[in-house]
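S.K.: Given the sequences, and given the hints that come with them, work out the whole structure.
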Amino acid sequence: MSLVAQRLVCLTVGTFDRGNKESLLQKLRVVFCNNVNCKEEARKVLAEGGIKLVFQEKPGFTPVDGFTFWSVDNPAIGMTLRYNKIDNFAFILLHELGYVYHHLKDYDEEEIISWESNDEEYRGSGREQEADTFAQDNLIDREMWDAFVNSQTRFPDEAIKGFAHQANIHPAIVRGRLCHQFDLYRTKTSIDHKIH
Numbered sequence: 000m001s002l003v004a005q006r007l008v009c010l011t012v013g014t015f016d017r018g019n020k021e022s023l024l025q026k027l028r029v030v031f032c033n034n035v036n037c038k039e040e041a042r043k044v045l046a047e048g049g050i051k052l053v054f055q056e057k058p059g060f061t062p063v064d065g066f067t068f069w070s071v072d073n074p075a076i077g078m079t080l081r082y083n084k085i086d087n088f089a090f091i092l093l094h095e096l097g098y099v100y101h102h103l104k105d106y107d108e109e110e111i112i113s114w115e116s117n118d119e120e121y122r123g124s125g126r127e128q129e130a131d132t133f134a135q136d137n138l139i140d141r142e143m144w145d146a147f148v149n150s151q152t153r154f155p156d157e158a159i160k161g162f163a164h165q166a167n168i169h170p171a172i173v174r175g176r177l178c179h180q181f182d183l184y185r186t187k188t189s190i191d192h193k194i195h
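Position 196 of the sequence shown, counting from 1, maps to 195 under numbering that gives the first Met the number 0, and the rest follow consecutively.
By construction, these hints were calculated from the structure, which means they are not laboratory data.
Honestly, I wouldn't trust all of these hints.
Said to hold, decoys possible - Below 27 Å or equal to it, Euclidean Cα-Cα: the simulated BS3-like pairs (lysine-lysine) are:
id : residue 1 : residue 2
1  : K193      : K38
2  : K187      : K84
3  : K104      : K38
4  : K26       : K193
5  : K84       : K160
6  : K38       : K26
7  : K20       : K38
8  : K84       : K38
9  : K20       : K43
10 : K43       : K84
Small disclaimer: the values here were computed from a predicted structure and weren't measured.
M.R.: Listed below in structure tokens is the structure:
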């Protein structure tokens, strides 16, 4: 039995109910916004919702971010935490939840693995794109996001923080999405991205 499987057997979680999705997502957004003991708080929220969460050290040179599968009576998510950044953590966790809610069938033996890839075929696959959209739209409302990015030509920290406050999300999540969407990785920032 693998180390991940051993950890999952020991986890106590509630009963999984797909109907509780919105409540669970709202609680996770509060956890991300607060970013205090974030990993354990996220694990508690998921456990209450009947979803197992385990963290696994990144395997060697494999760029795996997360994986989703069915464990006994509950869906399970494993995360490698390749980056100690709140925006990456939040996105990957919600990406995997997209798989839980849209692709993982009850008691299915399929495992869904998410990894970093420049392969257009992989990134553009229906399931991968749907999980990305699920994560983006459940972190930041799509209409709010579109209005924000269309109202700015530059994205200074103060504008990011103001929008983050309005959207009730951590400013690093806003900045991370901006960096990804507009390739702003080289711009300087005072926003703390670390998971706390």
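S.K.: All the hints need checking, so say for each whether the structure fits it.
M.R.: Hints, one by one, checked against the model:
1. K193 / K38: Roughly 12 Å between the alpha carbons, so the hint for K193 and K38 holds.
2. K187 / K84: holds (16 Å)
3. K104 / K38: Between K104 and K38 the Cα gap is close to 26 Å, so the pair holds against 27 Å.
4. K26 / K193: With Cα atoms ~20 Å apart, K26 and K193 stay inside 27 Å; holds.
5. K84 / K160: This hinted pair holds, its Cα atoms lying about 17 Å apart.
6. K38 / K26: Roughly 13 Å between the alpha carbons, so the hint for K38 and K26 holds.
7. K20 / K38: Cα-Cα ~19 Å, so holds.
8. K84 / K38: holds (11 Å)
9. K20 / K43: holds (15 Å)
10. K43 / K84: Status holds; Cα separation ~19 Å.
This entry satisfies every hint, going by the numbered hints stated previously.
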